[in-house]
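Numbering (UniProt numbering), first residue to last: 1 to 206.
Treat the hints loosely; a few may be bogus.
Listed next, with one range per pair, are the computed distances between beta-carbon atoms [what the hints assert, rightly or not]:
no., residue 1, residue 2, range
1, Ala128, Ala74, 22 to 30 Å
2, Leu78, Ala192, 31 to 39 Å
3, Leu191, Thr144, 34 to 42 Å
4, Glu51, Asp143, 25 to 33 Å
5, Ser151, Ala74, 22 to 30 Å
6, Pro167, Ala74, 26 to 34 Å
7, Ser185, Gly38, 34 to 42 Å
8, Asp189, Ala74, 36 to 44 Å
9, Asp147, Ala27, 24 to 32 Å
10, Asp187, Ala84, 22 to 30 Å
11, Asp143, Leu120, 34 to 42 Å
12, His72, Ala102, 36 to 44 Å
13, Arg39, Glu66, 35 to 43 Å
Cross-link-like lysine-lysine pairs, in silico, BS3-like; alpha carbons within 30 Å at most [what the hints assert, rightly or not]:
no., residue 1, residue 2
14, Lys9, Lys132
15, Lys9, Lys119
16, Lys132, Lys119
The set of hints was computed from the structure by calculation and includes no laboratory data. We treat Cβ as the ideally placed atom computed from N, Cα and C, and that holds for glycine.
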Amino acid sequence: MMSVSTGGKLRIGVYLAHPRPGSFNHAIFDAVVEELRGRGATVLAHDLCAEGFTPLLSADETGTVEAAARAHDAQVALHRTEVATCDAMVFVHPNWWGMPPAVLAGWVQRVLAPGVAYKLGTAEGEPAGLLKAGRALVLNTSDTPADREESEFGDPLQRIWTACVLPYVGVSDVRRVVFRTVTDSADEDRLAWLVHARQQAAALLA
């Protein structure tokens with residue numbers, strides 16, 4: 001069950017990782033932000049590329065847990081503060097080589113740091129998630145047909161988000177939708193996908 005933030009409004013972090021303005025990923029991002037705000041949520045919207053988020057870990061951030069937990073610049077500090085308050089998160093990005101774009105991979109590594117998003121050294125010997133966000137939605141675009149994605153590659157993005165990242169930081173309800181294939185898609189397909197993205201975003205508030 002999701003927790004409700006002070007004032008009764010859910011706080012949703014929405015993160016876009018695509019460098020080209022006007023991309024379909026931008027259209028998804030804009031539609032999701034508009035839908036959530038229209039439904040009364042407090043939306044923390046970040047276009048990571050436009051904001052110039054620096055994905056590279058510093059040497060200090062790869063040291064001790066205490067060092068990793070210290071924010072080394074104001075931008076990272078802001079994101080860490082915000083993500084700790086989120087009731088849910090949305091990630092919008094393309095499938096590039098079976099991975100998120102580098103800016104989002106760096107965001108995960110720098111923002112979801114030990115001592116911030118999870119803790120080590122528990123009595124059970126397993127890491128424990130620290131985030132309050134109970135739900136997350138991942139919206140991907142892809143040019144690989146679904147059957148080939150599964151048979152040849154095993155859908156690595158599914159494993160990254162639903163096994164490696166989000167459950168590790170305490171998110172128990174991870175939803176993912178893939179819009180494919182994008183490059184050769186018709187306008188009516190894209191309009192339908194935007195409606196579906198809005199519906200999936202609205203469902204986070206249920």
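Hints versus structure:
A beta carbon spacing of about 28 Å between alanine 128 and alanine 74 agrees with the range 22 to 30 Å that was offered as a hint. At roughly 35 Å, the beta-carbon separation of leucine 78 and alanine 192 lies within the given 31 to 39 Å, and the hint holds. A beta carbon spacing of about 22 Å between leucine 191 and threonine 144 contradicts the range 34 to 42 Å that was offered as a hint. The hinted range of 25 to 33 Å is satisfied by glutamate 51 and aspartate 143, whose Cβ atoms lie roughly 26 Å apart.
At roughly 45 Å, the beta-carbon separation of serine 151 and alanine 74 lies outside the given 22 to 30 Å, and the hint is violated. The hinted range of 26 to 34 Å is satisfied by proline 167 and alanine 74, whose Cβ atoms lie roughly 29 Å apart. Separated by about 25 Å at the C-beta atoms, serine 185 and glycine 38 break the suggested range of 34 to 42 Å. For aspartate 189 paired with alanine 74, a C-beta distance near 41 Å keeps the hint of 36 to 44 Å intact.
Take aspartate 147 and alanine 27: their Cβ atoms lie about 26 Å apart, and the range 24 to 32 Å holds. Roughly 40 Å separates the CB atoms of aspartate 187 and alanine 84, a value that falls outside the hinted 22 to 30 Å. The hinted range of 34 to 42 Å is satisfied by aspartate 143 and leucine 120, whose Cβ atoms lie roughly 38 Å apart. The beta-carbon spacing between histidine 72 and alanine 102, approximately 18 Å, falls outside the hinted interval of 36 to 44 Å.
Under the hint 35 to 43 Å, the C-beta atoms of arginine 39 and glutamate 66, about 40 Å apart, fit the expected range. The suggested pairing of lysine 9 with lysine 132 holds, with an alpha-carbon distance near 14 Å, which does not exceed 30 Å. With a CA separation close to 28 Å, the supplied pair lysine 9 and lysine 119 stays within the 30 Å bound. A hinted pair counts as satisfied when its Cα atoms are at most 30 Å apart, and lysine 132 with lysine 119 qualifies at roughly 14 Å.
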